[in-house]
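**Q** Which chain is which? The protein sequence lines are A and B, in order. Residues in the first sequence are numbered from 49 upward in steps of one, following our numbering. Residues in the second sequence are numbered from 49 upward in steps of one, following our numbering.
If you are wondering where the hints come from, they were derived from the structure by calculation, not from laboratory data. Any given hint could be a false lead.
Sample of chain B residues facing chain A (criterion: CB under 8 Å; computed from the structure) [to be verified]:
hint, residue
1, 122
2, 124
3, 234
As the structure is a prediction and not an experimental result, all values here were calculated from the model. We put the beta carbon where it would ideally sit given N, CA and C, even for glycine.
Number of protein chains: 2
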Amino acid sequence: MAKLKVVIAGAGFGGLSAARALNSVDFEITIIDRTNHHLFQPLLYQVASAALSPGDIASPIRNILRNQENIIVIMSEILSFDRTNKRVVTSDGVFIYDILIIALGSRHSYFGNDEWEQFAPGLKTIKDAVRIRERILISFEKAEKCTSETERAKYMTFAIIGGGPTGVEMAGAISEIARKTLLKDFKIINPSDAKIILLEAGNRILPSFPQSLSEKAENDLRRMGVEVLLNTKVEKISKGQVHLKDEIIETDNIIWAAGNKAPSILKSLETETDNNGRVVVNSDCTLPDDNNVFVIGDSARFSDKHGHFLPGIAPVAIQQGNYTGKLLRKRSKGIAHSKFSYFDKGNLATIGRAKAVCEISRFKFSGLAAWAIWVFVHILYLINFRNRYKVLTEWIWFYISNRHGIRLITGLDKESK
Amino acid sequence: MAKLKVVIAGAGFGGLSAARALNSVDFEITIIDRTNHHLFQPLLYQVASAALSPGDIASPIRNILRNQENIIVIMSEILSFDRTNKRVVTSDGVFIYDILIIALGSRHSYFGNDEWEQFAPGLKTIKDAVRIRERILISFEKAEKCTSETERAKYMTFAIIGGGPTGVEMAGAISEIARKTLLKDFKIINPSDAKIILLEAGNRILPSFPQSLSEKAENDLRRMGVEVLLNTKVEKISKGQVHLKDEIIETDNIIWAAGNKAPSILKSLETETDNNGRVVVNSDCTLPDDNNVFVIGDSARFSDKHGHFLPGIAPVAIQQGNYTGKLLRKRSKGIAHSKFSYFDKGNLATIGRAKAVCEISRFKFSGLAAWAIWVFVHILYLINFRNRYKVLTEWIWFYISNRHGIRLITGLDKESK
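With the rest of the complex left out, here is chain A (with noise of 0.2 Å):
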């Protein structure tokens, strides 16, 4: 008898999570991704912010897989999903599946004004965040050899649109380049000078926390230096311009935050999506007319047992992947398993050195003790050992010295040059 073919579309939380609970299963498993690696996405405005550097939070999908004999990993841009034929198509031609397993992820939502994008970054992909990166130590490098104040302070100014964790994160981030790291660095202008403004449409940031959380980081940011608008919307962003209701912000650095939608490339599954492009699944994260297809992680719509739709985040993408592998091996035993039920582990969020805020159950932490609880999560899940080693390394050493290490620009960024 023919081995059952699996494909799994995605080699991020949701796809590994997936391939490694089919480890042995004698089924002829292809998982296949657009980069080589699997990134750690919560760590990844830590390269943006020039505190890591890329190889430190990827690592190659073959060799997290190298000793997983039933799966073969395939580099290559999925175009489409053909279900009348039980096809995916790639850039390098076709693969037949039995299974499907769809995790694909998010990409940045525009809201429509995908033409924002040139001029507000986004941060999804190691390149992004180089891209950033090499645009936030320009910028610096600029006001340090321009005469104008005016475009000085344009150099100078950064802003961040969306309060939620990234959008903390990344703020929190630039204050700590420009107040600690930079401070030194410069002759002529001052970095501690920055103008660094969180924009959040909504009454508050880090709106998935509790109230109390949410005004701690505010307050931990202000001190820091960052100004945090809170009801403030984006009307309109073009070169260099954050157009607000009554006002302008002239900045060279517009990074967004704001918001996500699911690939585009799941429309071809002829499926019901929501909104944001996310594809509405079963209570076993199946598509409701076919229980070949799985789609799992911020690609799937799941509504859990008391119709809160699940937040597109690496613990459900991770425990959904664990879930449908598992579910596969008892399949094809022929034991039945149950609905698929999120274990909520609770919500972290760091906003700098020895700051975070973290909600574990029913308890709140703030301070130090948030972020030491950070630094343990993240290190526990980065993908090796060797990752673990170097990250944990790079921290100790900005611990102590409170200076970034990676501020390099190399112009592999083209726009940027």
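Following the hints, complete the assembly by docking chain B onto the known chain A.
**A** Showing chain B alone in chain A's frame:
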């Protein structure tokens, strides 16, 4: 009295040594570089071969010079030198000098065939190194998913042109990637089937070393599976093809390590240069007709007391930079200075893990002892403690695990997408 204005063009080994030797002198110094970092070029091949991260071997110039009060760092592209008006023209305006120190290093030379560069990139900048790294890794990815044997052979063939230290180090490093690091990562191809060809026009590799060490290195490379072709001149390079006299090598990866020349903007000095564009200088590194302009390092043609030209290597640049700084200190006090004399500390090249060749005055080493010296010297000369710590950490990891770390394809090189 106005302070003496010193402009240093380039923050490589030469420029940085000159800057440091002028620490706390009462001059107004400006150092101009087109990047924001000092690069430890001798280890650049380790970035190209995925062993180190860019951040491990580069350090922001501002950071290195942060405690030196008399110096301003400008990131800018130098366009020309205007000796008549004592100005350096850059993309950000002009800088007036009383004293000019030129330390611009060298570029690749394709011996008049500049069109070869697009097919056979060289290795001078971090951007070059990341580009080569991504090309190498993508070739293995392409080989894994390709169905034609001919094409697969092409993807798994690596041609390195030039048998100097860079060529030898790259060939050895690619062999280690294929035969050790990647060995178990692929399921379809066998990375150790990779064909690595080192092409040298002369009759031995490492021509600047004693004959016996050249032979040692050649034997080491052959044992590592590298084909060493001596007396082999490249007639032409086209896309995916290296044309020899009676043969064409089909390969997706051509790396150029064959020749250097000084940057063409040196022509604006309107002074004598040699065939490679290097500026002919006096025994105190000044121009024949202008003792306020110094040219040091790879950009200079300095002939020693025996009439030999000094090689384009880091120790020469460092010593000349140091010499120039000290000379200017003395000159400002009216003290006479002696000629520059080069102290030859020896010659080192590494071939692989625990394999190197080394010549120190009359002593010749090879194997583990030479490799240990190589590791020690390179760690010692890295620019700051942080980099030393990080590189040593990586090398210990590699020595123990035999596995390189930074194997990322990030798409930063747009050509390679």
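**Q** Against each hint, give a clear statement of whether it holds in the structure.
**A** Each hint tested on the structure:
1. 122: holds, 6 Å
2. 124: With a closest approach of 7 Å, the residue 124/B hint holds.
3. 234: holds, 7 Å
Going through the hint list in order, the structure satisfies each hint without exception.
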